[in-house]
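Quick note, the sequences are listed as chains A and B, same order.
For the first sequence, my numbering begins at 1 and goes up steadily by one.
For the second sequence, my numbering begins at 133 and goes up steadily by one.
It is worth saying that the hints were derived from the structure and are not from the lab.
Keep in mind it's a predicted model, so treat the numbers as computed, not measured.
A few of these clues could be false.
To be verified - Interface residues of chain A toward chain B, partial, derived using beta-carbon atoms under 7 angstroms:
#1 V27
#2 V30
#3 S31
#4 D32
Unchecked claim - Once the Cα atoms are required to be at most 20 angstroms apart in a straight line, the calculated PhoX-like pairs of lysine-lysine come out as:
#5 A:K49 / A:K119
#6 B:K158 / B:K206
#7 A:K69 / B:K158
#8 B:K158 / B:K208
#9 A:K4 / B:K185
#10 B:K185 / B:K158
The C-beta atom is built at its ideal place from N, Cα and C for all residues, glycine as well.
Listed here are the chains, written in short residue letters.
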Amino acid sequence: MNAKPLFVLICSGEREKLQMAAMMASVAAVSDRPVEIFVSMNAIYAFEKGKTADERYRGGVFADMLRDKNAPDPVELLGQGKMLGDMKVYACSMALDVLGWEMSNLVDDLFDAPLGLTKYLSDAEEGDLVTL
Amino acid sequence: MADRQTIDARGAFCPGPLMEMIAALKLVAVGDEIEVLSSDKGSSADIPEWVAKVGHEMVGITDHEGHWSLVVRKLK
Numbered sequence: 001m002n003a004k005p006l007f008v009l010i011c012s013g014e015r016e017k018l019q020m021a022a023m024m025a026s027v028a029a030v031s032d033r034p035v036e037i038f039v040s041m042n043a044i045y046a047f048e049k050g051k052t053a054d055e056r057y058r059g060g061v062f063a064d065m066l067r068d069k070n071a072p073d074p075v076e077l078l079g080q081g082k083m084l085g086d087m088k089v090y091a092c093s094m095a096l097d098v099l100g101w102e103m104s105n106l107v108d109d110l111f112d113a114p115l116g117l118t119k120y121l122s123d124a125e126e127g128d129l130v131t132l
Numbered sequence: 133m134a135d136r137q138t139i140d141a142r143g144a145f146c147p148g149p150l151m152e153m154i155a156a157l158k159l160v161a162v163g164d165e166i167e168v169l170s171s172d173k174g175s176s177a178d179i180p181e182w183v184a185k186v187g188h189e190m191v192g193i194t195d196h197e198g199h200w201s202l203v204v205r206k207l208k
């Protein structure tokens, strides 16, 4: 596997951006390209355990279209990508601290660990970093 | 004679058909084939791209009314 790793840093709680992040990450992961995702700020709310698909996201016009047309749910899509490819998913330690959350507050079977930016940015020097 | 399994992903949006095909490919033997039925135009281009990148064989693509049939053979 020689492909440059893809680093996706997602801060937005908007469905449109979470959808794109999940699509990019999943397709890259299944295409023999290692992926590391860093979830922070408003995005972390979408991954709270116990939320229904309707409760996970805010969004604009396109978010309504995605919902109405039953587009794949971003959180579930990431789970698929993780199962089928090389994908690591990290929760921003700072965001967890601000909310007073533990990893157990997040959906099961997706997150690998909490992580800080120092390590994430250092890893990202090896590949392409995208921010959404 | 290779086995062929059909996945009906009609109605699913990108990257649904691709992901379903990949999940199925993981479970079949080398030499077996997966046929994906997809109504998503993007997938009809994306799937051959993925097949070429990862190193399987694109057996054929058939354009039906309103959907495509894409047949992939697992090579490794």
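Hint check:
no.: 1; hint: V27; result: holds, 5 angstroms
no.: 2; hint: V30; result: holds, 5 angstroms
no.: 3; hint: S31; result: holds, 6 angstroms
no.: 4; hint: D32; result: holds, 6 angstroms
no.: 5; hint: A:K49 / A:K119; result: violated, 25 angstroms
no.: 6; hint: B:K158 / B:K206; result: holds, 9 angstroms
no.: 7; hint: A:K69 / B:K158; result: violated, 28 angstroms
no.: 8; hint: B:K158 / B:K208; result: holds, 10 angstroms
no.: 9; hint: A:K4 / B:K185; result: holds, 14 angstroms
no.: 10; hint: B:K185 / B:K158; result: holds, 16 angstroms
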